[in-house]
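Chemist: If you want the building blocks of each chain, they are given just below.
Protein chains: 2
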Amino acid sequence: MTVDVVALLRAELGDRVDVSPAALTAARADKSGHAAPGTPLAVVHAASVADVQAVMRIATATRTPVVPRGAGTGLAGGANTGGGEISLSVRAMDRVLEVRADDLLAVVEPGILNADLNALLEPHGVWWAPDPASRAISTVGGNIATGAGGLLCAKYGVVRDAVLGVDLVLADGRLLHLGHRSVKGVTGLDLTSLVIGSEGILGVVVGATLKLRRLVAGERVTLTALFDGVRSAAVASAAVTASGIQPAVMELMDATSLAAVHRLLSLAAPPEGAAQLTIQTDGPAAADEARAIAGVLRGAGGRVAVAADEVEGESLLAVRRALHPAMETLGTTLIEDVSVPRSALPAMFDAIAGIERRYGLVIPTVAHAGDGNLHPNFVFEGSEVPEVVWSAAEDLFRAALDLGGTLTGEHGIGVLKRRWLADELGDDQWRLQRDIARVFDPLGILNPGKVFEL
Amino acid sequence: MTVDVVALLRAELGDRVDVSPAALTAARADKSGHAAPGTPLAVVHAASVADVQAVMRIATATRTPVVPRGAGTGLAGGANTGGGEISLSVRAMDRVLEVRADDLLAVVEPGILNADLNALLEPHGVWWAPDPASRAISTVGGNIATGAGGLLCAKYGVVRDAVLGVDLVLADGRLLHLGHRSVKGVTGLDLTSLVIGSEGILGVVVGATLKLRRLVAGERVTLTALFDGVRSAAVASAAVTASGIQPAVMELMDATSLAAVHRLLSLAAPPEGAAQLTIQTDGPAAADEARAIAGVLRGAGGRVAVAADEVEGESLLAVRRALHPAMETLGTTLIEDVSVPRSALPAMFDAIAGIERRYGLVIPTVAHAGDGNLHPNFVFEGSEVPEVVWSAAEDLFRAALDLGGTLTGEHGIGVLKRRWLADELGDDQWRLQRDIARVFDPLGILNPGKVFEL
Chain Y
1 MTVDVVALLR
11 AELGDRVDVS
21 PAALTAARAD
31 KSGHAAPGTP
41 LAVVHAASVA
51 DVQAVMRIAT
61 ATRTPVVPRG
71 AGTGLAGGAN
81 TGGGEISLSV
91 RAMDRVLEVR
101 ADDLLAVVEP
111 GILNADLNAL
121 LEPHGVWWAP
131 DPASRAISTV
141 GGNIATGAGG
151 LLCAKYGVVR
161 DAVLGVDLVL
171 ADGRLLHLGH
181 RSVKGVTGLD
191 LTSLVIGSEG
201 ILGVVVGATL
211 KLRRLVAGER
221 VTLTALFDGV
231 RSAAVASAAV
241 TASGIQPAVM
251 ELMDATSLAA
261 VHRLLSLAAP
271 PEGAAQLTIQ
281 TDGPAAADEA
291 RAIAGVLRGA
301 GGRVAVAADE
311 VEGESLLAVR
321 RALHPAMETL
331 GTTLIEDVSV
341 PRSALPAMFD
351 AIAGIERRYG
361 LVIPTVAHAG
371 DGNLHPNFVF
381 EGSEVPEVVW
391 SAAEDLFRAA
401 LDLGGTLTGE
411 HGIGVLKRRW
421 LADELGDDQW
431 RLQRDIARVF
441 DPLGILNPGK
451 VFEL
Chain Z
1 MTVDVVALLR
11 AELGDRVDVS
21 PAALTAARAD
31 KSGHAAPGTP
41 LAVVHAASVA
51 DVQAVMRIAT
61 ATRTPVVPRG
71 AGTGLAGGAN
81 TGGGEISLSV
91 RAMDRVLEVR
101 ADDLLAVVEP
111 GILNADLNAL
121 LEPHGVWWAP
131 DPASRAISTV
141 GGNIATGAGG
151 LLCAKYGVVR
161 DAVLGVDLVL
171 ADGRLLHLGH
181 RSVKGVTGLD
191 LTSLVIGSEG
201 ILGVVVGATL
211 KLRRLVAGER
221 VTLTALFDGV
231 RSAAVASAAV
241 TASGIQPAVM
251 ELMDATSLAA
261 VHRLLSLAAP
271 PEGAAQLTIQ
281 TDGPAAADEA
291 RAIAGVLRGA
301 GGRVAVAADE
311 VEGESLLAVR
321 RALHPAMETL
331 GTTLIEDVSV
341 PRSALPAMFD
351 AIAGIERRYG
361 LVIPTVAHAG
371 DGNLHPNFVF
381 EGSEVPEVVW
391 SAAEDLFRAA
401 LDLGGTLTGE
411 HGIGVLKRRW
421 LADELGDDQW
431 RLQRDIARVF
441 DPLGILNPGK
451 VFEL
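Chain order of the listed sequences is Y and Z. Per this note's numbering, the very first residue in the first sequence carries number 1; after that it's consecutive. Per this note's numbering, the very first residue in the second sequence carries number 1; after that it's consecutive.
Under the rule of at most 20 Å between Cα atoms (straight-line distance), these lysine to aspartate or glutamate pairs were calculated in the DMTMM-like manner:
#, chain 1, residue 1, chain 2, residue 2
1, Z, K211, Z, D94
2, Z, K155, Y, D161
3, Z, K211, Y, D161
4, Y, K155, Y, E219
5, Y, K211, Y, E122
6, Y, K155, Z, D161
7, Y, K211, Z, D161
8, Y, K155, Z, D102
9, Z, K155, Y, D102
Far from chain Z by the CB rule (all over 10 Å, computed), these chain Y residues:
#, residue
10, L120
11, S266
12, G354
13, A399
Derived by calculation from the structure, the hints in this document are not laboratory data. Just so it is clear, CB atoms sit at the ideal spot from N, CA and C, and this is done for glycine as well.
I would like the entire structure built from these sequences, with the hints used as guidance.
Modeler: Have a look at this one:
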């Protein structure tokens, strides 16, 4: 059986079928720190929609599981490929097929990197707004498959707000064109939105029509504010949101994460226990808005520093961007991704502090404070998540749900959060969602075991 | 059987079950001009989620079709209730349960009118952006069920961009809570988006968590520009979009519709053949943007008039808002709703002119030019759409699809566009969508015959 499938793939796809040990090992893991058990059958480097269709036809004929893959930068194990499975990479399908600045849309293949796309769009005076922290290394197709968020979401939206249509290859190899090219369109059910964030269980995204924005005119103003603790920083960020001024970026770093980054970048150590907000405004009113925000922050007890220019502003944001490498210096990291209504940020930080006390853990946490999305980092030794970390993570999820929040703001369920999915959805909705997935994939060969434990 | 269902409803819902001839007749029609054949069994005026659940349990037990209904202002026949069917009205469920200006969300019942909601939100400094032309008479639940658009969509989005979660009663009476309260959330499949625009075939929307915006600060500036024909007005509107300035409102009226409104409002007749753009800018840069837009319009051959103040601006927009009553003075109207990429507006007007010539019809047309959504009006005598109008409408749909557009930008499929749905979706996607609907409603009792001809 195993030999047959690879031979069938080879017959149709030639040397785009890769069984090198390096490729097979790489396909087992994403950036979550988790790897699937066993060794994949093959990695297929699809070069075209027809290649993807060919793989899916063979997979259907042979009942072989297929795991779609972009750049493998996911944080929930969604692209991890295990024994007996085909890793179907669309990374090589990276062309921009059309840019229409007048219609504010672009048609792209799924494998292009988010940052590469935006570099190509810039001369046209437009951009694609979703900006996950991984934007330099993650693909547009992967951004769609996870429903990615990022730093700019409160002002400029998430992926769901920025996709007009998706081309999808079904489990049996048929190609569907979902969505539309017009600003408005309500013909039938909105399957485009259903595919966004579906983590490869409904089909393989082989193309997308993206909704673009004009480049934002005017300057960017960046400021930081130091607080004596994470709770006061969270209260200050909620006060900024409640003030009605909309920053482009509002990031929060707690004391542990801030200190770790300062060490990594050889910066002077921050005051003991200090947490920091980093805020950026943009657009024609950027300077006025930054002044008003500085007033709110000072009123909330913050020590405010405003960048003299955009270069200094970028260096302030670079501190936040160095979080992941800084965490790696501490050990293996399980990055969580709960999201709560913005006013609940202080209460969520209280809950995290309680979990730290109860389990004797330190949980360095950063937050996209502008939209209420927190990334608590569980740091441990070795490659297996210890049971105590899972127990603490479970408490974290329950705390977020109790505050009206969600398990995952932007990383997805993958394998890492499967066991808590029904807690958020309820059993009835969980079953309904699984039954919808089966309409797309009746044989259960598309990314099986992800999202739903089938 | 008929007697049994009404008796069962009465036993649970008492005098909220309405079988008065006036109510039954009203339930047969929406504002499309179309009415369902036969007489409904009953109209149920649900007062609570429990009422809706009770109706659906009885409907499932007795296999009785149910047609959900808000204010009945739809334009595609989606809420029309025929013989043997229950009309389930949620119009009386009109409470605002929660307003959180700090989290920019509101929790509402489905029956509240869009304009009433916004009047309640205004003192909180927030608004719900979707603004269908029917906003004074249409419900939030109906806006969600149709995926409504409106005048402000290019700048402020459609309903799909403004709903965080939906409470849905399934065909068998179970209640699901879909979506979330946080800005970000990617837990499982995005069923909230699937319900938006689903026209009552997946369940009954009994509550919604809405995403709000801060009220826009600054003034509103309104201007009009007269052109010697609809094509030059369309070219000018595309030039405005291409200039990168984003108006809040950009409406186009062709010569026939403009003249009809001027007659209705007893205004001086516009020049023979003249078409008009009406544009409004808002926000802190409104005046600068209006000046820049005026320049673009003059460069495109427009005679520009800028309103002296907001009162005069409203009177200019009132001309556009009087379109529907003006059409009613001409005869019975079938309002179409095609949408195309904005750059294709001139070509779409060319296509409409061709259809007028081919069929010997006059098709007064207005467009939300800012987002490419056109409303061609077929005007005829009597209550039945003549075959020649259907033939012309079919040509209209094909022209829109050929230009990369869609059958319906904001009104939905209902009964009036069912026969063209597969032309846009393709047979594979049509079947997939229908199969998804069956997962929600295996007995086919929810708004049967709408959207999909089952």
